[in-house]
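S.K.: Sequence:
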Amino acid sequence: MAEVSRFLLDWIIPMGFRELMRWREFKQGIKTASKDSDILSRNKKFHNLYAGRRCFIIGTGPSISRQDLTLISNEITIVMNHFHEHPILEKWQPTFYCAGDPLSNYTPEETKYISKVASKIHPQAYFLHLSLKDMIVKNKMFPIENTYYLKFLGSPHEWARLKYNWNLNGAVMDILTTMHMAIIVALYLGCSPIYLIGADHDWLSSNTHMKHFYTNMDGNDFKGSYKYALEYTLELWQIHEALRDAALARGVTIYNATDGGFLDVYPRVDYKTLF
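With the first letter of the sequence shown counted as 1, position 108 gets the number 247 in our numbering; the numbers rise by one all the way through.
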């Protein structure tokens, strides 16, 4: 039955019409983001808060174990996910924290891990996926007064038609990783330039195993085949390309200062030469 439906869709409804319908749904989705305006409007305070200041976005790839993080103790920093496992927190605290996974990704074990973050990381603000709000509030996992939420909607292709003109007080481009989310936050803060470290993105070399500076909870982040990992990585790269273009449209350059890794979307720079 499903094959028949696809056949009818392909031959009866023109491709251009389907594209138009998707575009209308996307535009309508942006408009309906207004129902979350009370939540998202709190984000306005961060617009250009650090305009012209460079910032470092710190991923959780194993390469950060080879880089001296004491060098960025006085920089604008954005950390993510399980960074609360890193010993550098005994020496300095990050400026911002991001967690980009939607509620559907949270297993009981992941929920347990994320509930430990606020006791170890004390930033100016925590930025979380909007779908987490009820869970966060109910379980008092983060301090309400400095916890903020982002609403994700739309593909790079759709946002390109709008020249990547998004704001955190409305919907922003959908993401696959928290690194994507952190870049969106950094751009909204007005940071320039933006440096990425710990963005190893080299899991295709290790049989679909995502490595981090900490021990993986389940040992394998990809639950599908190697083909799935390839398709996932392609989509992830396309989002990075859109973020690169969105940054350039704002006059901002994103540099990859990761020690190694596969991410080749952004120009490379040697981390040690930045100090």
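To be clear, the hints were calculated from the coordinates, so they are not data collected in a lab.
Remember, it's a predicted structure, so these values are computed and weren't measured experimentally.
Ideal placement from N, C-alpha and C gives every residue a C-beta, glycine not left out.
Accuracy of the hints is not assured; some may be wrong.
[Unchecked claim] Below, a list of computed lysine to any residue pairs in the SDA-like style, where the Cα atoms sit at most 25 Å apart:
#: 1; residue 1: Lys-259; residue 2: Leu-292
#: 2; residue 1: Lys-411; residue 2: Lys-279
#: 3; residue 1: Lys-259; residue 2: Arg-300
#: 4; residue 1: Lys-230; residue 2: Phe-291
[Unchecked claim] If you anchor each label on the Cβ, the simulated ranges turn out as follows:
#: 5; residue 1: Gly-399; residue 2: His-186; range: 33 to 39 Å
#: 6; residue 1: Ser-243; residue 2: Leu-413; range: 36 to 42 Å
#: 7; residue 1: Asn-244; residue 2: Asp-177; range: 40 to 46 Å
#: 8; residue 1: Thr-250; residue 2: Glu-374; range: 23 to 29 Å
#: 9; residue 1: Leu-413; residue 2: Leu-343; range: 24 to 30 Å
#: 10; residue 1: Ser-344; residue 2: Lys-277; range: 26 to 32 Å
#: 11; residue 1: Ser-180; residue 2: Asp-409; range: 22 to 28 Å
#: 12; residue 1: His-186; residue 2: Pro-282; range: 38 to 44 Å
#: 13; residue 1: Pro-282; residue 2: Thr-392; range: 30 to 36 Å
#: 14; residue 1: Lys-259; residue 2: Gln-167; range: 38 to 44 Å
S.K.: Each hint: holds or not?
M.R.: Outcome of the hint check:
no., hint, in the structure
1, Lys-259 with Leu-292, "31 Å, violated"
2, Lys-411 with Lys-279, "39 Å, violated"
3, Lys-259 with Arg-300, "41 Å, violated"
4, Lys-230 with Phe-291, "33 Å, violated"
5, Gly-399 with His-186: 33 to 39 Å, "34 Å, holds"
6, Ser-243 with Leu-413: 36 to 42 Å, "37 Å, holds"
7, Asn-244 with Asp-177: 40 to 46 Å, "25 Å, violated"
8, Thr-250 with Glu-374: 23 to 29 Å, "26 Å, holds"
9, Leu-413 with Leu-343: 24 to 30 Å, "28 Å, holds"
10, Ser-344 with Lys-277: 26 to 32 Å, "40 Å, violated"
11, Ser-180 with Asp-409: 22 to 28 Å, "41 Å, violated"
12, His-186 with Pro-282: 38 to 44 Å, "22 Å, violated"
13, Pro-282 with Thr-392: 30 to 36 Å, "34 Å, holds"
14, Lys-259 with Gln-167: 38 to 44 Å, "41 Å, holds"
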